[in-house]
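Visitor: Sequence:
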Amino acid sequence: RHRKEDYNPEDILKLMEATIRCLKHAMSRRYLSTSWKTFEKRQVLAVQCVNNTITLMCSKRVEENKGCFIEQRSTIVPRDWSNRFFWVKVMEILLKLKIYWMNRSVSQKN
2 RHRKEDYNPE DILKLMEATI RCLKHAMSRR YLSTSWKTFE KRQVLAVQCV NNTITLMCSK
62 RVEENKGCFI EQRSTIVPRD WSNRFFWVKV MEILLKLKIY WMNRSVSQKN
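Numbering (the numbering used here), first residue to last: 2 to 111.
Worth flagging that the hints you see were computed from the coordinates, not collected in a lab. All C-beta atoms in this analysis are idealised placements derived from N, C-alpha and C, irrespective of residue type, glycine included. Among the hints, erroneous ones may be present.
[To be verified] Derived DSSO-like pairs: lysine-lysine, alpha-carbon spacing no greater than 27 Å straight-line:
id, residue 1, residue 2
1, K99, K15
2, K97, K25
3, K25, K38
4, K25, K99
5, K38, K61
6, K15, K42
7, K99, K42
8, K15, K25
9, K90, K67
10, K38, K90
11, K42, K25
12, K42, K90
13, K61, K97
14, K61, K42
15, K90, K15
16, K99, K38
17, K67, K38
18, K25, K90
19, K97, K42
20, K61, K15
21, K15, K67
[As the list claims (entries may be wrong)] The following label-pair restraints were derived from C-beta to C-beta distances:
id, residue 1, residue 2, range
22, K38, W82, 43 to 53 Å
23, N9, S83, 22 to 32 Å
24, W82, T35, 44 to 54 Å
25, A27, V48, 13 to 23 Å
26, S29, R80, 38 to 48 Å
27, K15, Y101, 18 to 28 Å
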């Protein structure tokens with residue numbers, strides 16, 4: 002389990018603000034003619050690394066004037082043999098990122 006001192010609320014707020022800015026920028030510049038329904042599928046990912054903990058977070062629009070910022074995956078990056086089973090969790094995060102990028106590149110081609 003993650004220690005409380007691994008998380009700094011100010012850092013999380015900065016990540017939230019940065020991902021929301023990315024969404025707003027995309028909405029105002031790149032997706033002007035896109036419907037709200039289509040834009041709801043758009044999400045911005047953030048990765049936070051603190052000590053040996055890696056966390057994948059996501060911002061997305063859920064309603065016209067509402068968004069959400071959620072932690073999708075979090076795990077310890079193993080540093081020794083006794084924690085080696087955490088590599089499975091690290092791979093889950095990497096696969097989640099790969100799926101996101103694959104879906105993103107397909108949607109940009111259409």
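Visitor: Hint by hint, note whether the structure agrees.
Guide: How the hints compare with the structure:
1. K99 x K15: 24 Å, holds
2. K97 x K25: 23 Å, holds
3. K25 x K38: Since the Cα atoms of K25 and K38 sit roughly 15 Å apart, the hinted pair holds (cutoff 27 Å).
4. K25 x K99: 23 Å, holds
5. K38 x K61: 12 Å, holds
6. K15 x K42: 23 Å, holds
7. K99 x K42: Answer holds: K99 to K42 is near 16 Å, not above 27 Å.
8. K15 x K25: 15 Å, holds
9. K90 x K67: Not satisfied, since the Cα-Cα distance of roughly 30 Å exceeds 27 Å.
10. K38 x K90: 32 Å, violated
11. K42 x K25: 14 Å, holds
12. K42 x K90: With Cα atoms ~25 Å apart, K42 and K90 stay inside 27 Å; holds.
13. K61 x K97: Holds: K61 and K97 sit about 16 Å apart, inside 27 Å.
14. K61 x K42: 8 Å, holds
15. K90 x K15: At roughly 25 Å apart (the allowed maximum being 27 Å), K15 and K90 satisfy the hint.
16. K99 x K38: Since the Cα atoms of K99 and K38 sit roughly 24 Å apart, the hinted pair holds (cutoff 27 Å).
17. K67 x K38: Holds, because 13 Å separates the two Cα atoms, which is no more than 27 Å.
18. K25 x K90: 31 Å, violated
19. K97 x K42: Within the cut-off at roughly 15 Å; holds.
20. K61 x K15: Holds: K61 and K15 sit about 16 Å apart, inside 27 Å.
21. K15 x K67: Measuring from Cα to Cα gives roughly 18 Å; hence the hint holds.
22. K38 x W82: 43 to 53 Å: 49 Å, holds
23. N9 x S83: 22 to 32 Å: 27 Å, holds
24. W82 x T35: 44 to 54 Å: 49 Å, holds
25. A27 x V48: 13 to 23 Å: Holds, since A27 and V48 (Cβ atoms, about 19 Å apart) stay within the stated range.
26. S29 x R80: 38 to 48 Å: Taking Cβ atoms as reference, S29 and R80 lie about 43 Å apart, which means the hint holds.
27. K15 x Y101: 18 to 28 Å: 21 Å, holds
Taken one by one, the earlier hints fail for this structure at numbers 9, 10, 18, listed in ascending order.
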